[in-house]
Amino acid sequence: MRHSTALRHRLAERGIDRQLLLLVPAAAFVVLLFVYPFLYGVGLSFQPERGGPFSAYREFFADAYQRDTILTTLRLALPAALLNVVASVPIAYRMRGRFRGKRLLTTLLVVPVTLGTVLTAQGLLNFLGPTGWFNRILPGDPVRLTNNYWGVFFSLVITGFPFAFLLVLSYLSGIDPTLERAAATLGAGSWQRFRRITLPLLAPGLATTFCLTFVLAFSVFPSAVLVGDPAGSTRVISIAAYEEAYVRYDYPMAATIAVIMGAVELLVIAAVLGWRSLLYTGSTAGGKG
Amino acid sequence: MRPRRSIVARPAAWLVWGLVAFFFVNLAGVIGSVVVSSFGTRWFDTWLPEGWTADWYSAAWDEFDLLHVLLVTVEVSALVVGISVLIGVPAAYVLARRSFLGRRVLYLLFLLPILMPPITYGIPLATVLYKYGFAGHLSGVVLANLVPSVPFVILTMTPFIEQIDPAIERAARMCGARTRHVFLRILAPLLVPGILAASILVLVRTVGMFELTFLTAGPDSQTLVVALYYSMSAAGIRAQQSVDAMAVIYTSMMLVLVVVALRFVNPTQLVARVKEDVD
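Protein chains in written order, with full-length UniProt numbering: chain H, 1 to 289; chain A, 1 to 279.
Incorrect hints may have been included.
[To be verified] Distance condition first, Cα-Cα at most 20 Å in a straight line; then the derived EDC-like pairs of lysine to aspartate or glutamate: (1) A/LYS131 <-> H/ASP17; (2) A/LYS131 <-> H/GLU49; (3) A/LYS131 <-> A/ASP220.
These are calculated hints, taken from the structure and not from any lab test.
All chains, please: the whole structure from these sequences, using the hints.
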């Protein structure tokens, strides 16, 4: 009895005791339903139906129709995520103080989150279509804004912008307003205060916001099919992966595309977060902490 | 004291508000055109439909077997919320209170399912679920939806638990409470607001989750989003207005959920929590 108590104490000193058992269900869950399927997919991608272990990857990169889906996806997701973040900054900057109707405005901005991709797609088809209200207001010939790149782009902005805006607003509210007042006392103009005080403190938050918005935009699937041109200009990588798995039943190839998709996305995120880590050390020295 | 001057010059302010207004006008157009279309009789090359009717709603209700779809949606969401809270909250407690070997690795592991696009892990996951016979049924849909939900509960609950003063637990222990009692009598009541907030957010995410449900659902286990997608991508067979009616039903359901969620969660506060998680 005394012996086991001593062991327990020694383990507890290293931070291991029975309370950690509470973690077991969650850890087992992640391993079983996330790590195992993911590794299974990676393994599957190295066992194509024909050829050597790397032939599925070689096939993907040799086929321009498949390879170009990476570029198509990035061409949609990067500008959309960038626009969402960049447009949020001035709007959030104006809205960071207290004013009447702020809660109403934030609530209104959350509304697009509820739309879901399908209503957004349906709405864009109705609204921006050749006989829709938008083209009725515009004089001249109808502008073609659906079933191509722009339709998907707009749907990414509608669903992504509110999300980016709320994140940026919360980062801005987290910046101590006295810093700006101090700068004003020292004679900084409004642009200087924004450029030299607020923006550097906000930059790490902007990087995080960009990453999260990019993840949303990168996994675009339903809107690329519904408002886009799924066989041509908006054939994004998730469509390619879906087709392999559910149309051609080529699971190794589908797993390959999924792995490539994850790798590309993590590369972009790692690049942005790497840049962000450079920023962050600089700005803490500026006295944020 | 001098009154505070406006921070951005006037034209810039107008530009900013103009942009916001432009966004809202277009948003209203997008939503409005669906709502108008769902109540209209025939609508071709005109500003408004020729007449008004509510028939599309009853048509959509019968045609898409919406009662069944709604029941499935409720069932899936309730199961996902319940299980993810049961698994996630204890884990969040340990992650918030303790430091131990491998804590960072575990945290990263919980972060990954949220950072990866659902399609990337959804396709291998669906393959595995089909292999073991879960996919195509309700159980497969629930299991797939749990993958991002459990980490989501953990990541939103961890900062919430960190805010609770550990001295309260220690006091309870001093008074002789065992771990089980500390959890049931002390922590659970304090955690209720956080658990409510996390559950509602998981609920909103699950009702809106398209990809994972789409990849794992069989004909009997479609949720509302997936049924909506199928009805829309099979356009031409269905009257477009009944698809619109269904989309409106979906959005009203989501709107109710989000308005309820906003009563419990302040969106900007929520995001501040997300910020801590990503750091």
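Hint check results:
Proximity of A/LYS131 to H/ASP17 is assessed by CA-CA distance (about 37 Å); at most 20 Å being required, the pair is judged violated. Proposed proximity of A/LYS131 and H/GLU49 is supported: the alpha carbons are some 17 Å apart, at most 20 Å. Taken as a hint, the A/LYS131 and A/ASP220 pair is honoured in the structure, with Cα atoms around 19 Å apart against an allowance of 20 Å.
Of the numbered hints stated above, the single one contradicted by the structure is hint 1.
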